[in-house]
Amino acid sequence: MSNETLVSVENLGVRFAVKRGGGWGKASYLYAVDDVSFEIKRGETLAIVGESGSGKTTTALAVARLVEAYQGKVDLDGTDFLSLDPEELRLARAKMQFIFQDPYSSLNPRLRAEQIVREPLDSLGTMDEAEKKEIVDRLFAEVGLRPEQQRLFPHQFSGGQRQRIGIARALATQPDLIICDEAVSALDVAVQAQILNLLRKLQADLNLTYLFISHDLGVVQHMCDSIAVMYMGRVVEHGSRMDLFNNPLHPYTSALLSAVPSVDKARREATKRILIPGDPPDPVNLPAGCRFANRCPVATDICRQQDPALRDVKGGHKVACHLVGEDAVSPL
Amino acid sequence: MEPLLKVENLRIELTTRTGVAPVIDNLSFELGAGESISFVGESGCGKSMTALGIMGLLPEKVGRIASGSITFNGEELTTASPKRLRDIRGNDISMIFQEPMTSLNPVYTVGEQIAEVIRAHQGLSRKAAWNQAIELLDAVRIPNAKGRVSDYPFQMSGGQRQRVMIAIALACEPKILIADEPTTALDVTVQAQIFDLLNDMKRQTGASIIMITHDMGAVAEMAERMIVMYAGRKAEEGPVEQTIEHPRHPYTRGLISCVPHIMSTISEERHALTEVPGIVPSLSDFGQNRCLFASRCNMVTQKCLEERPPEKPFANGQKAACWYAEEV
Ligand SMILES: Nc1ncnc2c1ncn2[C@@H]1O[C@H](COP(=O)(O)OP(=O)(O)OP(=O)(O)O)[C@@H](O)[C@H]1O
Ligand SMILES: Nc1ncnc2c1ncn2[C@@H]1O[C@H](COP(=O)(O)OP(=O)(O)O)[C@@H](O)[C@H]1O
Ligand code: SF4
Ligand code: SF4
Ligand SMILES: [Mg+2]
Ligand SMILES: [Mg+2]
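Protein chains in written order, with my numbering: chain A, 770 to 1101; chain B, 1092 to 1419.
Same shape as in the complex, but just chain A:
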């Protein structure tokens, strides 16, 4: 595996204007993505985890310029992605593709499978029909669909097969980066295993890079090389798969991991559940200090006063918590 950084995201910020309580008051902002930075190496998978509403999807959409970032930089293979003009963007988009959660609604029901897979090539507009047909034929084989299924419409496929069509479509333009947003969450476990195996095989064969969003930590553990944990728009911990799972440092990460029910008896017995009572704070009126302080079992005065910054504590293992020192020991 190369050591080359394919994607580098720096201080990314996305905010949405929200009106509170009507009247003439000026709009306040919900910072859905707040100062987010991470890197993904070519051929690797970065997983983003975090609770619902923490900003995972918005981060991915901003990286792909499907929502507008108000600050920050996205570098894709040396291209400053956020400053491309519309024509440059159209061509560059081919390098970054999405696979969505819902294999039912993300495919146009009026198009045949073959048209769906060909669509990104059509909009790229650089190939003749014969070239496109050759690519589509190859893609169908690669994702495990039969040639005669090219003529069928989405409703004639099962959920897993529809997700294969979505994968074929994402692969069509030979992207460098594929963003999978809850790509297997709607599937039953058996079909999920088929799709996860396919994604890993394609990654190995084509040296693909994935940004993989999932709420299922078992799936994340199986798929990723590194992880970013998000909480209320922030990355609170970022590190390698081994570091995150075997030595979680941020109290929220620990709570998240401890909440996963496990079939492994040894794990159930070794894991003390870390309860985080209550709810996250109002995202429009954020507290001054650490956003996790009202639920954190070890919060101190400094936590309620100062917002902890994400910093490298040990060989690339980054955490945003006042109580984690240079020794990289969990404060719990």
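I should point out that these hints are in silico values taken from the structure, not numbers from a laboratory. Note that this is a predicted model, so its numbers are computed, not measured. Glycine residues also receive a C-beta, built at the ideal position from the N, C-alpha and C atoms. Don't take every hint at face value.
[Said to hold, decoys possible] Using C-beta positions, here's what the derived DEER-type ranges look like:
hint, chain 1, residue 1, chain 2, residue 2, range
1, B, 1396, A, 847, 54 to 62 Å
2, B, 1248, A, 899, 50 to 58 Å
3, B, 1235, A, 1071, 51 to 59 Å
4, A, 925, B, 1148, 51 to 59 Å
Given the coordinates of chain A, work out where chain B with the ligands should sit on it, guided by the hints.
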């Protein structure tokens, strides 16, 4: 001793465009007082239908109990009057559903909805019922229960709405709580809170729990006994730990091994997941006299295609409907 709930040779038929199909096909199981069991299996295998059948809530004109019996505390439910079933639903058997938003009424506050159940169940005054609603919200750990009792469902998060549903279920003081994928739409940290809550409730009231889920980890954490459903039939039943440790049905084995679990330590090495090829058969293929798992099974023989496998019991209480259960 008679079990609290006893289901025998239950057959539930659904009428669809393509004909009548047995969505539940000869299902038998028992539930003891204070016991918790889990139903597990892929979508479409009949888990929810089992629950709705017990509750007397099968889809009207579409579903009906064709044969078999369901007895609760010795009373036959399959022939009970609609009024009696309503009574049992209000007092003895409660159900919480996957999507709490659809089961709460959007135009009433959560307090009004909880209080109404309390009044119907315990005949308390309006004021007393309201106060008890606050207590229940507090019991299900809604912060600031006194303030939140006047919230409408849309003002609450998914996890809070599910806790309200549990509060309503608790208001009935049921002997059996059926939870159909109660946490599927929720974050794991919220799921952990809901599981704790259900376990507390079980300890305090001695209620039995039937939890439906597709997550083996949740089964391992929540249940004493598990029932694996496949295509309307019971594939396997057994004590949770032993069944997960040594499944006796190839489908159970597949369900466990196809999922990437988090083990006690994570190692560098990763293998491809074991695949269970194919998908659950469609409803119109249910009910045939053969093993319905055959098309996905790597142990299939001619015999499996010719006759429905009977349930084989094992000494530890496990039972598996597979011709080759001893060899799994
Ligand atoms: N109202 C209905 N009319 C017709 N068919 C139905 C109806 N409800 C359910 N079914 C069918 O019955 C079968 C079993 O459904 P059921 O909901 O019991 O399964 P399940 O295992 O609980 O699935 P899930 O996990 O998706 O909820 C499926 O094939 C489903 O399509
Ligand atoms: N179009 C929008 N308008 C206003 N708020 C939004 C919009 N999209 C997302 N948000 C808010 O941004 C936050 C992050 O959302 P999202 O990225 O969808 O999170 P996740 O994918 O982790 O569930 C949430 O608080 C969400 O409500
Ligand atoms: S900074 Fe303080 S409140 Fe925030 S996670 Fe660390 S210990 Fe908890
Ligand atoms: S009966 Fe045959 S096909 Fe069915 S699970 Fe057993 S071995 Fe497989
Ligand atoms: Mg999302
Ligand atoms: Mg169901």
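Hint by hint, here is what the structure shows:
1. Checked against the given bound of 54 to 62 Å, the beta carbons of residue 1396 of chain B and residue 847 of chain A, roughly 58 Å apart, stay inside it.
2. Separated by about 53 Å at the C-beta atoms, residue 1248 of chain B and residue 899 of chain A satisfy the suggested range of 50 to 58 Å.
3. Range check, residue 1235 of chain B to residue 1071 of chain A: about 26 Å between beta-carbon atoms, so the 51 to 59 Å window is missed.
4. With their beta carbons about 32 Å apart, residue 925 of chain A and residue 1148 of chain B fall outside the hinted range of 51 to 59 Å.
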